[in-house]
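Chemist: One letter stands for each residue in the lines below.
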Amino acid sequence: MTEATQQFFATLPARAPEVLRGPAMGTLRIDLTEGHRTEHWLVRMRPGVAEVGQGAEPGDATWYCSVDLFDRLATGRAQAIATTFRNESTFRGDVVLFLAFRRFFPSAPGTRDPREVAREHARWTR
Amino acid sequence: MKELVSILDGNTFLVSDRRGDVEPSLDFPTGLFSFDTRFLSTWLLLIDGERLHALSIDDSESHKTRYFLVPGEPTHFLDAKVSVIRSRAISGDLSEELTVLNHSGQEMSFTVRMEMAADFADIFEIKDTKRKKGHNTAAPGEDSLRLTYRRDAFHRETTIHSTAAAQVDRRGMTFPIRIGPHGEWTTRLTVNTVIYGARGQDVRSLLPFAGSRTTAAIEAEHAEFIARAPKLGCDCEPLAGAYRRSLNDLAALRYESIALGVRLMAAGLPWFMTLFGRDSIFTSLQVLPFMPELIPPTLTMLAGLQGHRVDDFRDEEPGKILHELRYGETAGFEEQPHTPYYGAADSTALFVILLDEYERWTGDGALVKRLEASARAALTWIDTYGDLLGTGYVWYQTRSPQVGLENQCWKDSWDAICYSDGRLPSFPRATCELQGYAYDAKLRGARMARLHWNDPIYADRLEREAAELKERFNRDFWLPDKEYYALALDSDGSPVDALTSNIGHLLWSGIVDESRARRVAEHLVGPRLFSGWGVRTLADDQGRYNPIGYHVGTVWPFDNSIIAWGLWKYGLREEAGKICESMLAASRYFAGRLPEAFAGYERDLTDYPVEYPTACSPQAWSAGTPLLLLRVMLGLEPQGEHLIIDPYVPPGMGRVELLDIPGRWGRVDALGRSRDEGPSRPD
Chain V
2 MTEATQQFFA TLPARAPEVL RGPAMGTLRI DLTEGHRTEH WLVRMRPGVA EVGQGAEPGD
62 ATWYCSVDLF DRLATGRAQA IATTFRNEST FRGDVVLFLA FRRFFPSAPG TRDPREVARE
122 HARWTR
Chain G
3 MKELVSILDG NTFLVSDRRG DVEPSLDFPT GLFSFDTRFL STWLLLIDGE RLHALSIDDS
63 ESHKTRYFLV PGEPTHFLDA KVSVIRSRAI SGDLSEELTV LNHSGQEMSF TVRMEMAADF
123 ADIFEIKDTK RKKGHNTAAP GEDSLRLTYR RDAFHRETTI HSTAAAQVDR RGMTFPIRIG
183 PHGEWTTRLT VNTVIYGARG QDVRSLLPFA GSRTTAAIEA EHAEFIARAP KLGCDCEPLA
243 GAYRRSLNDL AALRYESIAL GVRLMAAGLP WFMTLFGRDS IFTSLQVLPF MPELIPPTLT
303 MLAGLQGHRV DDFRDEEPGK ILHELRYGET AGFEEQPHTP YYGAADSTAL FVILLDEYER
363 WTGDGALVKR LEASARAALT WIDTYGDLLG TGYVWYQTRS PQVGLENQCW KDSWDAICYS
423 DGRLPSFPRA TCELQGYAYD AKLRGARMAR LHWNDPIYAD RLEREAAELK ERFNRDFWLP
483 DKEYYALALD SDGSPVDALT SNIGHLLWSG IVDESRARRV AEHLVGPRLF SGWGVRTLAD
543 DQGRYNPIGY HVGTVWPFDN SIIAWGLWKY GLREEAGKIC ESMLAASRYF AGRLPEAFAG
603 YERDLTDYPV EYPTACSPQA WSAGTPLLLL RVMLGLEPQG EHLIIDPYVP PGMGRVELLD
663 IPGRWGRVDA LGRSRDEGPS RPD
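Each protein sequence line maps, in turn, to chains V and G.
Here the first sequence is numbered in the working numbering, starting from 2 and rising by one per residue.
Here the second sequence is numbered in the working numbering, starting from 3 and rising by one per residue.
The calculated label-pair distances, taken between Cβ atoms and stated as ranges, are: (1) G:Asp171 - V:Glu35: 41 to 47 Å; (2) G:Glu5 - V:Glu58: 54 to 60 Å; (3) G:Ile647 - V:Asp61: 42 to 48 Å; (4) G:Arg675 - V:Arg93: 55 to 61 Å.
Here are some, though not all, of the chain V residues that point toward chain G, as calculated from beta-carbon distances under 8 Å: (5) Gly23; (6) Pro24; (7) Leu100.
Beyond 10 Å from chain G on every Cβ pair, some chain V residues (computed): (8) Gln8; (9) Phe10; (10) Leu13; (11) Thr39; (12) Val68; (13) Arg73.
What the hints contain is simulated information worked out from the structure, not anything from laboratory work.
From the three backbone atoms N, C-alpha and C, an ideal C-beta is built for every residue, glycine too.
Make a model of the complete structure from these sequences and hints.
Modeler: Printed below as a string of structure tokens:
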């Protein structure tokens, strides 16, 4: 596990009220693989709440991902849905949990607010 | 494209020529497609080395076709001792029963050959061919051929099986056969497509509806879908035909999403067999009075995929509703941005509008509560990221110049947004209908906040903002000397002054000042915009007008259905009726199936509506058009727990009767009749 990943999981409970505003509820197990080793993370989600733990018990959904890929997701350098469509990560179970969880991933480093960018160029603003 | 024959089941579809053959094509998506990947690019039948010639085709059903063929070219004198029937169906997989009939009194020998190949092209690679980055293999087996494609972990496979003994090579199967006098020979070819996902399993095998259904199951499910819809009785055959055709096409266009395991509506064959925010919302609005059960999965899916971060490649922002979702290789490897792509400035407001409209019909307050956070995020987007310039309007400008859309409104081709003289405006742009949708979304958001979210303060705020927007809009967009609303504002805030069909959407949104509605309507049904078959996207005296320009002169049935709804909202029933009549008259020339668009030529000039060359058909929001027109003619509007029925049936259409309209009132019937008539005149 990378430092970014560790930090990412540590912040989930505090971020949950802002991020998990939809109706998703259940446990997502995340299997992070590096070589022959796999770490199992469990994220129990309900509206406004995320509890993070580790353990191999089955969840309502499981997401398989490499340690390296998860590090890129946790730092905004990859996009979760695209990784499943190219089968770089794979998923089974209740997809609503995956869609809810991906909302924790940040924007890419250096991303600017599009309004700021547009207003630099436009001639008409109020 | 009339010579092509298509069958579909959800987003799996096959496009072939009239012989049933598929040849590699670089410009039109022929072949077998599923989830945006071409699983068969060659499928070609030869008898003794010769191509066949079509006698007739039975394509009365959307998921199966039968081809009756004889060997030889059409120029030959026909004295066939042998004929061939290809009977095929799509039911998740493709199956084709191939029968060769010997009509002579002697035993005959033939070499039957089926050429087979799969290029695994992504739908985006058809028009814009690049070398595939992965590897193809072909593995002949016993009466079977396995074709695979791999690029890193991305893995697609086509497996073809024959029930009759076959000599299999890497390019197809050969059947040396002998048929007795007046006898026949048959094989069944099954084509399985596999999308590998977790643990090497087919992604679709994990879906609740399962990828593969029998044709009988499809037929039963379609029949049930149609049986649930209200029954139409009418004197007007074009209306009856269009209604029937629409229900069939809507049944066939539903597909099961890999991501959510729910049935969604694909937008259109062949280019748009996937989820579009705008198309699915407009189709939902059109079909809501008829089949409300289609709406919750669409709303839930759009909410689940709502934007949550700023992503320039995908034009994504928090709260934004997606434009387009694709499952193919170019999406997965991020050569295209559709995972999902968010380049639409209208779908976010439309999402709120649909949620409210759905509740008004069905009384399903639970869904409005469940999607509260999404609806609020959508409303917030309108005033934050949507208002790029901070001027109180919704603007767009792509941040993904290589692959993003320049125009992020329904007229999304590059030249669709233009000044009257043909010049193109600067970016960002704020098209007029976006402001109308934002206005309507705020009012509907206010209604939901008051009735379902227990937040009257928010409701008041939204209503105040809506009123301010309406005032501002009527000041900044109205062109006093031309007496219509500008198509857009350019980045200077100057009006983009082309006369377009967009002003009809403004009526639908209710943002038009009462005092101006009649003038707007006169433009819509006046000679510059109205062709006789419908309202043109762009008036015929404008700089860029072209009767076969995709968004600059063609007539779009979906557009017309929204315009008719708008005219009705302002009580302009006669004008609305004129559009209903012209659309239904046009539908006759397409056997009841309105295409995506047809040419803007004057009705007197061509006598029939000329189909746009590469129009998609069936297209969901064109199939939804006759349904919305019915609502407009019968004047169906929910009010509280009741359905108001206030018909205005255009002259000459006679009786229109719609039975069992579902909604919060249970089921009710509506009846309308043209006013002018004595005995009804069948068309």
